[in-house]
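Asker: So you can see what is in the structure, the chains are spelled out below.
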Amino acid sequence: MNVTVKSFATFREVMDRQLTLDIPEGSTIRTLLAELNGRYNGLNELMFATMDTLKDFVNILKNGRNIHFLAGLDTPLDDGDLVALFPPVAGG
Amino acid sequence: MSSDERFLRQIPLIGEEGQEKLKKARILIAGAGGLGSAIATYLAAAGVGYIRIVDVDIVENSNLNRQILYHEPDIGACKVEAAEKTIRALSHDVEVDAICRHIDEKTVRDLVRGTDLIIDGMDNFAARYILNSASLDEKIPFIHGAVNGFYGQVTVILPGITPCLRCIVPTPPTWERNPIIGVTCGVIGCIEATEAFKYLTGTGEILKNRLLLWDGLRGEAESLQIMRYPDCIDCGSSAIEQDVRRFRV
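These protein sequence lines map, in sequence, to chains A and B.
For the record, in the first sequence the residue sitting at position 86 is 86 according to my numbering, with numbers rising by one throughout.
For the record, in the second sequence the residue sitting at position 24 is 24 according to my numbering, with numbers rising by one throughout.
Errors might be hidden in some of the hints.
[Claimed, not checked] Keeping only pairs whose Cα atoms sit at most 30 Å apart, straight-line, the calculated BS3-like set for lysine-lysine is:
(1) Lys-198(B) x Lys-6(A)
(2) Lys-55(A) x Lys-24(B)
(3) Lys-208(B) x Lys-21(B)
(4) Lys-208(B) x Lys-198(B)
(5) Lys-208(B) x Lys-6(A)
(6) Lys-21(B) x Lys-85(B)
(7) Lys-6(A) x Lys-55(A)
(8) Lys-106(B) x Lys-208(B)
(9) Lys-24(B) x Lys-139(B)
Since the hints were made in silico from the structure, they are not lab data.
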């Protein structure tokens, strides 16, 4: 199945701003990120505090919904999903 | 000086009626920093009748790369007083309510009440969540904007209709004194002011249910669809039930 990933702000410094990946049925956000981490050096260090925990500024939207409110890293993915990776900025 | 002449170039876009709406509008600009500077300048210039501007800081030399309300002689002055002076010099018609106060859970209700629109010029998410809750409770729309370096984001929050700030960013990013260039504040502050202008005059389509992400390093902007979280602690069904109970009392 195909999933489109978009990256924003500082994530663009280590990965493409948009790509479509062909991933196996049953994939989750966790397996998608593992795939991305295999492709892009430095992404893992940028996103993860520990192996299982995202850094607090990492926000991931699946079709416009924050995965924090879904099943977190175990949020399942479906064909055609759009996953957005963005670090919200906070200054003013 | 004729006010009519001042707005000659924008009235074809919004009509006399739209200009009158701006004159009657009462807005809160929360924060008088880089974002607040751009927001206040352009909305005062556009003819907004009442601007309440709130900040507790004093002007520092390191503010002057981006906080265009202030000039070198203002260093050491209370920001909102210096801001009032600049805004009044731009337009004698605008009523400025300059309030030197922290925005916290105790002060926020009084600060938002009596306004039609809250505009975000804060520099941290803790204060933004307080404004988000007050916006929902008082049913006053909230234009969120934030910046870092060359990057920025904007969305318009309509209470009960669009996702609230907590739906989009459920946990606050750690506060840091981030690097910033003035023009990023200008870009994002101007997008917030544009949204305010459209909302107040009923022109165009506002940036609702979308999060605009600005990338100044690459000269790109993109808006992402965003959705409400039904059980959001701030705007979800549990919060609404509390709200209904409060209205019944």
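Asker: Evaluate each hint against the coordinates.
Answerer: Evaluation of the provided hints:
1. Lys-198(B) x Lys-6(A): 29 Å, holds
2. Lys-55(A) x Lys-24(B): Roughly 45 Å separates the two Cα atoms, so the pair is violated.
3. Lys-208(B) x Lys-21(B): 21 Å, holds
4. Lys-208(B) x Lys-198(B): 12 Å, holds
5. Lys-208(B) x Lys-6(A): 20 Å, holds
6. Lys-21(B) x Lys-85(B): 24 Å, holds
7. Lys-6(A) x Lys-55(A): This hinted pair holds, its Cα atoms lying about 18 Å apart.
8. Lys-106(B) x Lys-208(B): 29 Å, holds
9. Lys-24(B) x Lys-139(B): Distance ~18 Å between Lys-24(B) and Lys-139(B) Cα, so the pair holds.
Hint 2 from the earlier list is the only one contradicted by this structure; the remaining hints agree with it.
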